[in-house]
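Participant: Sequences listed follow chains A and B, in order. In case it helps, our numbering puts the first sequence at residues 1 to 376. In case it helps, our numbering puts the second sequence at residues 1 to 402.
By construction, these hints were calculated from the structure, which means they are not laboratory data. C-beta: ideal position from N, C-alpha, C; glycine also. Mixed in with the good hints there might be a few duds.
Label-pair restraints from in silico Cβ distances [what the hints assert, rightly or not]: (1) A:36 x B:90: 34 to 42 angstroms; (2) B:265 x A:259: 28 to 36 angstroms; (3) B:281 x A:269: 48 to 56 angstroms; (4) A:63 x B:10: 42 to 50 angstroms; (5) B:267 x A:11: 24 to 32 angstroms.
Some residues of chain B that are not near chain A, with every Cβ distance over 10 angstroms (derived) [what the hints assert, rightly or not]: (6) 158; (7) 187; (8) 228; (9) 280; (10) 304; (11) 333; (12) 367; (13) 393; (14) 402.
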Amino acid sequence: MSGSDLLISYSDEQAMLHETATNLLAKRCTFEALRQWMETPEGYSQELWRETAELGWLGIAIPEAYGGYGLGAPELVSVMEPMGRYLYPSPFLASTLGAQLLLWAGTEDQKRSWLPDIAKGQILITVALMEADGSWEPHHVKDRAIPLGDGYELTGTKHFVLDGQNTDLLIAAFDLQGELSLFLLEPHEVSKLKKDPENLIDLSRRSCRICFDGLKVPGSALMTRDALHPLRKLHRLAWVLLSAEMAGGAEGVFQLTLDYLKVRTQFGRPIGGFQALKHPIVNIMIAIENARALVYHSATVFDGPEKEAETAARMAKAHTSDTYAYAVNRAIQFHGAIGYTWECNAHLFFRRAQWAQYAFGDAIHHRRHLAELLLD
Amino acid sequence: MFVQETPELREFRAEVANWLRENKPRPPKFRLPMSFLEVGTDEQFQYLRDWQQKLYEAGYLGMAWPREYGGYGKPQIYQDIANEEMAKARVPFVINVIGLSWAGPAVLRMGTEKQKRRYIKKILTAEEIWCQGFSEPDYGSDLASLKTTARREGDRYIINGHKIWTTLATYAKHMILLARTDPEAPKYRGLSFFLCPMDLPGIEIRPITKMTGELGFNEVIFDDVSIPADTLVGQEGQGWLVAVTTLAYERGAIGGQAGGHPSQILTASDVVELAREARRDGRPAIEDPLIRDELVKFLIMERTIELNRKRLYIEKLLTPGRPQVLRFMSKLFHSEYIQGLSELAVRIQGAYAGLFAGDPCALADGIWQRSYMNSFGFTIGGGTSEIQRNILGERILGLAKG
Ligand SMILES: Cc1cc2nc3c(=O)[nH]c(=O)nc-3n(C[C@H](O)[C@H](O)[C@H](O)COP(=O)(O)OP(=O)(O)OC[C@H]3O[C@@H](n4cnc5c(N)ncnc54)[C@H](O)[C@@H]3O)c2cc1C
C-alpha cells in the first residue's frame with residue numbers, strides 16, 4: 001500500500017515550471033516562427049534552445065552531482081505539456097531520453113564526462129533503439145555487436161532515431177553475444193556514421209536512419225550488457241513525456257478549433273451553435289481533462305512500484321494518443337476547406353498527432369499490454 | 001498541495017470502513033432495485049429507509065451540513081472519505097437522494113431560516129422523503145416553458161397542472177415544485193420554486209411502469225391544490241434561478257451534497273470478473289482480443305474518474321480557463337460510462353446475453369441486463385446527455401446557443 005495511495009500530485013516546482021514554459025513558449029512559438037523553423041535542416045531554433053538551457057530545462061531530471069537539478073518525471077511533464085501546447089520543436093525529448101538512459105545505464109566515467117554538458121544544453125544526445133521491423137518492444141534488438149580486439153564492431157541499421165542528424169552523442173542498442181547491450185558513441189564516432197534523414201509527417205520533428213557499417217568502437221563505449229531494465233524504464237519515460245506533449249497538443253488544437261467555432265458564421269450564426277460541431281468539441285474537452293488526469297498520474301507514480309508505474313504510463317499513452325488523434329481530425333473537418341489548406345495551422349497539430357501517437361507504441365499496442373497487466 | 005491524507009483522516013477512514021463492515025445490512029430476500037429511481041415496493045422502501053437512518057445516526061451522512069439543522073458540521077473531506085468507503089464496501093444506496101443531494105442543498109443555500117429548521121434534519125433521517133416536480137408531459141428538456149400554474153391567494157398559492165416522471169412521488173412527503181406564477185412574463189421570469197407538501201387534497205399520483213417492468217416514477221396531477229405561501233423559496237418570479245442552482249447540485253456541478261451513493265456500485269473490475277466466468281462462442285470471454293481491448297478502455301475510464309475526483313483538491317492542476325469543468329462534466333461522463341460498461345458486460349455474455357434477471361442460467365442474476373436498461377435513467381434523467389453537452393459547450397466554452 002505504501003506510496004500507492006498517492007495517485008496524483010502537483011508540486012510548487014511543477015506549477016512554476018509549467019507557468020514559465022507556458023509564458024515563454026506562448027510568446028516565442030508563433031505559427032510564423034514555427035513555419036520558419038520547419039524549413040531548416042535542424043528543425044528548431046538554436047537561440048530558443050539556448051534560452052531554455054539557461055532556464056535549466058535540460059538539467060531538470062539530471063542529478064545535482066552531474067550538474068542538473070535532481071528533479072524527475074513530474075517536472076519534465078510540466079514543461080512537456082506546454083511544449084506540446086505551443087508546438088515547440090526541439091531536441092528536448094531526444095536529449096531527455098538520452099540523458100536519462102545514460103544516467104541509468106552508463107558507466108561512472110561516461111556520466112561524468114557528458115551529463116554536465118548535456119544538462120547545460122551544450123551537448124545533444126539521443127537514443128537509437130528501433131530497427132527495420134518496427135517493433136516497439138525494448139528487447140527486440142537484432143543488430144549485432146561483436147568483440148574485436150579491445151573494442152567492438154557494430155553492424156546494422158537503426159530506424160526512427162530522434163534528432164539523429166542533430167546529435168553529438170548517441171546511445172545505441174545491440175545484441176552482444178546474446179545480451180541486450182548499450183553503447184555510447186562519442187561525437188567523433190557519431191560523425192562517421194551514415195545518417196539518412198527520414199521524411200516525417202511531422203514537419204517540426206527530425207529523425208533519421210543510421211547505418212552502422214561495422215563501425216569500430218573502443219571497449220569504453222560499452223555502457224551495459226544488461227540493458228533490459230533501463231530500456232524498459234526508458235520506454236516508460238517516453239510514454240509519459242509523449243503523453244504530456246500530446247495532452248498539450250490536444251489542448252492547442254482544441255483552442256484553435258474553439259476559436260473558429262466562435263468567429264466563423266454560416267446560415268447567419270456562429271457555427272459553434274450547430275450541435276454536430278458543439279457536441280464533439282465538448283467530447284474533446286472531456287477527453288483532454290481525462291488526458292491531463294492520466295498524464296499527471298503517470299508522472300506522480302513514475303518512480304513507484306513498477307507494475308503501477310507501467311500501468312499508469314501505458315494508460316496515459318493509450319488515452320492521449322486517441323484523444324489527440326480525434327481532436328486533430330475534427331479540427332480539420334470543423335474548419336471546412338480552409339482547414340484542408342497549407343495555410344491553416346490545423347495541419348501543424350495534425351502532423352504532430354500523427355507522429356506522436358505512433359511513437360513508442362500506439363493506443364492499440366498499449367491496451368494490449370494493459371490487458372496483460374490487468375486481466376491475466 | 002499533495003492529496004495525502006493526514007494521520008487523523010486515515011484514522012477516520014479506518015473507522016468508517018470498520019463501521020461499515022460491521023453494520024452493512026444483510027442482503028434482503030427480495031430483489032433490490034439498481035438505484036433510487038426504481039424503488040417500487042414497500043419492502044424495498046422500508047429496507048432502504050432503515051439503512052439511511054442507520055447511516056445518519058452513525059454520523060456518516062450530512063457530515064458537512066451545519067449542526068443547527070441536523071448536520072455534523074465537519075469539513076467536507078470527511079464526507080468525501082465516508083462516501084469513498086461506502087462505495088468500496090458496497091453498502092446499499094441511500095433512498096432520499098433528491099433530499100440529500102439537491103433539494104436539501106438548495107434549501108440550505110436559498111431557503112429561509114424557518115425552512116432550514118423545518119426540513120433539513122428529516123431529509124437526513126429519511127423521515128421525510130422528497131420528490132421533484134419539474135418535468136411535464138410537454139416540457140422536459142425545455143423545462144423553462146412549463147405550464148403548471150401557481151396562483152397567489154392571500155397567504156396561499158393555488159397549484160394547477162400536470163407533472164410527470166416524478167420519482168418517489170408515492171413515498172414523498174414534500175416536492176420541490178417549479179410552477180408558473182406569472183404567465184405574462186418572459187418564460188424564465190415567470191417561474192417560482194416551492195416546497196410543496198404531498199399529502200394535500202387535489203393531488204393525484206399515478207405510477208408509471210418502466211421498460212424493465214419496474215415502478216419508480218409517476219404522474220402527479222394538481223387540481224386546485226392550496227399550499228402555504230411560506231413554502232416559496234427565494235422571491236416569486238425567481239424560480240428559474242433556484243431551479244438552475246438545484247439542477248447544478250443534482251448534476252454534481254456544485255458540491256454540498258449530504259453524501260451516500262444513489263445506485264448500486266458497479267465497477268469495471270466486476271466486468272473483468274464476469275469476463276473470466278462468461279464464455280463467448282464456447283471460450284472464456286476474457287480470451288477474446290476485442291473484448292480485452294474494450295475492457296481496458298473501461299478500466300482506463302474508471303481510473304480517470306477516480307483521478308479527477310482527487311484532482312478536485314489540487315487547485316493548480318485544474319485546467320486554466322475552465323477550472324469548474326471537472327464538476328460540470330461529471331454527470332455526463334459518469335452516466336455514459338456506466339451505460340457503456342453495462343452494455344459491454346452484456347456483450348461479454350455471448351449467447352447468454354439474452355437471458356434476463358430471473359432466469360436460472362442468467363449470469364450474475366441478470367444484473368448487467370438490468371443495469372444496461374436502468375442506465376438510461378441517468379443519461380436521460382437530470383437533463384439528458386445532449387442537454388449536458390449543450391450546457392458544457394455554451395456555459396463552459398462560450399459557444400453560441402443552438
Ligand atoms: C428515470 C427517470 C427519472 C426521472 N425523474 C424525474 C423527477 O423525479 N422529476 C422530474 O421533474 N423529472 C424527472 N425525470 C425527467 C427528466 O428530467 C426528463 O426526462 C429530461 O429532462 C428529458 O425530458 P423529456 O423526457 O421530455 O425528453 P425531451 O426533452 O422530449 O427530449 C427528447 C430527445 O430530444 C433531445 N433534445 C431535446 N432538446 C434538445 C436540444 N436542445 N438539443 C439537443 N437534443 C435535444 C433529448 O436529449 C432527447 O434525446 C426523470 C426521467 C427519467 C428517465
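Participant: Taking the hints in turn, state whether each one holds.
Facilitator: Right, here's what the structure says about each hint:
Taking the beta carbon of each, residue 36 of chain A and residue 90 of chain B are about 59 angstroms apart, not inside 34 to 42 angstroms as hinted. Under the hint 28 to 36 angstroms, the C-beta atoms of residue 265 of chain B and residue 259 of chain A, about 41 angstroms apart, miss the expected range. In this structure the supplied range 48 to 56 angstroms holds for residue 281 of chain B paired with residue 269 of chain A, their Cβ-Cβ distance being about 51 angstroms. Range check, residue 63 of chain A to residue 10 of chain B: Cβ separation about 33 angstroms, and the 42 to 50 angstroms hint is violated.
Distance hint for residue 267 of chain B and residue 11 of chain A: a CB-CB separation of about 31 angstroms, consistent with the stated range 24 to 32 angstroms. Non-interface status of residue 158 of chain B relative to chain A is upheld: no Cβ of that chain comes within 10 angstroms, the nearest being about 39 angstroms off. Against the 10 angstroms criterion, residue 187 of chain B stays outside the reach of chain A, whose nearest CB is about 20 angstroms from its own CB. The claim that residue 228 of chain B lies off the interface holds: its Cβ sits roughly 42 angstroms from the closest Cβ of chain A, which is beyond the 10 angstroms cut-off.
Listed as outside the interface, residue 280 of chain B is consistent with that label: its C-beta sits roughly 14 angstroms from the nearest C-beta of chain A, beyond the 10 angstroms cut-off. The claim that residue 304 of chain B lies off the interface is violated: its Cβ sits roughly 4 angstroms from the closest Cβ of chain A, which falls inside the 10 angstroms cut-off. The beta carbon of residue 333 of chain B is not kept farther than 10 angstroms from every beta carbon of chain A, the shortest such distance being approximately 6 angstroms. Distance check on residue 367 of chain B: its Cβ is at least 21 angstroms (rounded) from any Cβ of chain A, clearing the 10 angstroms threshold; non-interface status holds.
At the 10 angstroms boundary, the C-beta of residue 393 of chain B falls inside the reach of chain A, the nearest C-beta of that chain being 4 angstroms off. Residue-level check failed: residue 402 of chain B sits 5 angstroms from the nearest beta carbon of chain A, not beyond 10 angstroms.
Hints 1, 2, 4, 10, 11, 13, 14, counting from the list given before, are not met by this structure.
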